[in-house]
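Enquirer: Given chain A, work out where chain B should sit, using these hints.
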Amino acid sequence: MKSTALNAGPASAAAEPMQDSRQGGIRKTSRINRFMVSPSVIVLALWMVVPLSMTIYFSLIRYNLLYPGDNEFVGLENFQFFVTDFGFMAGMSNTLLLVGSVLLITVVLGVLISLLVNQAFWGRGIVRILLISPFFIMPTVNALIWKNLLLHPVSGVFAAIWKFFGATPIDWFSEFPLFSIIMIVSWQWLPFAILLLMTALQSLDQEQQEAARLDGAGPCALFFHLTLPHLARPIAVVVMIETIFLLSIFAEIFTTTGGGPGYETTNLAYLIYSQALLQFDVGLASAGGLIAVVLANIAAFFLVRLIGKSLTEKQ
Amino acid sequence: MLSLKQRRSLNTLLLGVLAWGVALAIFFPIFWMLLTSFKTEIDAFATPPQLFFSPTLENYTLVNERSDYLHFAWNSVVVSFGSTIIGMMLAVPAAYSMAFFETKRTKGTLLWMLSTKMLPPVGVLVPIYLIFKDTGLLDTKTGLVIIYTLINLPIMIWMAYTYFKEIPKEVLEAARMDGSSLFQELWRVLLPMSKGGLAATVLLSLILSWNEAFWSLNLTASEAAPLTALIASYSSPEGLFWAKLSAVSTLACAPILIFGWISQKQLVRGLSFGAVK
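Residue numbers (numbering that gives the first Met the number 0), protein chains in the order written: chain A, 0 to 314; chain B, 0 to 276.
Since the hints were derived computationally from the structure, they do not count as laboratory data. All figures in this text were calculated on a predicted structure; none of them were measured in a lab. Be careful, since some hints might not be right.
Among the chain A residues that face chain B by a calculated CB cut under 10 Å, a handful are [stated by the list, open to error]: (1) Leu130; (2) Asn141; (3) Leu149; (4) Arg232.
Heads up, the beta-carbon is just placed ideally off N, CA and C, and yes, glycines get one too.
Chain A with its partners taken away, still in its complex shape (with noise of 0.2 Å):
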C-alpha cells in the first residue's frame, strides 16, 4: 500500500477515500499489465531484429554455401550484384504487374459484387458462401486445380468451352503465363475484397440513400457520391493489406511454373528464393530480401497510418 501512495502522487491526495483505492488498485495492476503485454513484444521484437539484422550483415559479406570460408566484408558488391542481375528488373516488373493487376480486378469486381450480393434476393446467404469460399482455399491446391482441371491444353474446362466456341484451346501456362498467374491469385483474393466490402456495405446509411433517391439522384449519382465515398476507406484498407500479401506471391508460382518459362513469372519473392536456395548464394539473397523489405516497408508506411487514423477516430 505504501508504494502505491507513492505512486498515486499528489492527484489522488484531493480524491475521495473510495477513489483512492480504486486508483490504488489500477496502480498495482499497471505493473501486472506491463508484464502481461511484455512477452508478446519481446518475441515480436526478437522476430524482427534478429534475422533482419543477420540479413543485413549477410548482405554485405561474399557468403555463398557452396564455398564456405570465403565471407570477406564486399560492402555493396551484392547489392550491385543483384540490381544489374536480368533477372531483377523481370523480378521487379513481373512484381508490379502481379500486384497492380490482381488489385485493379479484385477491388473493381470487389465493389460490383458486393454492391450486387447487397440487393435483398432469394438464396443470399448461400451466395455469400460460395463467393468467399476460394479464399479459404489452400494456395498449392488453388494452382493446381486451375493448372491441371481448368486451365490444361487438352483436357481443362476452358479447353472444352473454347472448343465449344470452335476456338483452339489455349495453353494458358506457357503462352500466357503471368496472365495465368494473375488469373489465379485474382480468384483467391478476390473474396477478400468482396468479404470486406460486402460488410463496410452493411453500414451504408440506408435513410440517406432513400432520400437522394427521392430528391431525384440516379443510381449512378448515388453510387459515386454515397456508395463510393462510403466505400473509400474499405478499398484503401483492401488495397494496403493485399499489397502486402501480393508482394510475397510464391507457392502459386512455386507450384505451377516455377519462375518460368525463362524469368517470364518469376517475382521478386521467387527470386530471392531461387537464388538463396537453388544457387546458395546467401550474400546476393540477402541483398535482394533487403530490397524487398524496403518496397514493402514503402506500402507498409500507408498502411499504417491509415490505420493508426482509424484507431483514433475510434476513441
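Expert: Chain B alone, transformed into the frame defined by chain A:
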C-alpha cells in the same frame, strides 16, 4: 405495360439471377475439384470434361496408401493447433492489458506489432533457414510452430484487442472490487464475455496456419511437411493422377472451408486489423 411495382420485382429477380450466376462461376473450380475427386482417372482426363459419370470412392482410399496422407494431415493439425494455442496464450494477455490499461505507448505498440507483419518473408528467409539448420529445427514441427506463432501473433492480438475494446471497463473493475484475482477476472469474466470473438480469433489463426505455404515449402522436407507441401509435391505429375490430386485437395481444404464458412462474419475484423467491422 408493367406497373412500377412489377418492374421493381422483375429487377430484383434479374439481379438475384445475376448474383447466383456470378457466385456459381466463382465457386465452380471448387465444385469441379469435388466432382473430379469422385471420378476414375480415365473419366477425369476425358475430353470433353464429363459432368455425368459413375462416381467412385477409390481415389479417397488410394490417397492414403499412395502418399501417406495421414502423416501430412497430422503435421498440419499439430502445427496449426500448436501455433494457435501458443499464440492465444500470448495474445489474450497482451490484448487484455492494452485494451483495459491503456498507456501513452499503447497505440504505438499496436501499430508496431502490425508493422512486424509487413516484413516480407523473403527478407528473412536466409537467416531463418540458417538458424534452423544450425539448431536442428529444419524440417521439424516445432520449427513451423515457432514461425506460425510469430507471423500470426500480430493479427491475433489485434483481433482480440478490438473485441476486448467493446467490453465496458466497469464490468472488469466491478469484478476486481469484489476481490477476484487477476486470473479469476480473466477466466470468469473476460473470457465468457468475449468468447464469440476469441473463437473467431482461434479460427482465423487455424485457417492462416493451415494454408500457409511459404515457410512450409521452404523449411520442411518430409518429416514435418504439412498438407500444403504434400499438395505441392503433386506438381510433377506421374501418369494419370488428377482424380487423386482432386481427392487429396478436397480432403486438405474441406475442414478449413467449413471453418471459414462458420466464422466469415467475424473474420472481417481480423483480416482488416480492426479497420472494417
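Enquirer: Hint by hint, say whether it matches the structure.
Expert: Do the hints match the structure? See the list:
no.	hint	verdict
1	Leu130	holds (5 Å)
2	Asn141	holds (8 Å)
3	Leu149	holds (6 Å)
4	Arg232	holds (7 Å)
In this structure, every one of the numbered hints holds.
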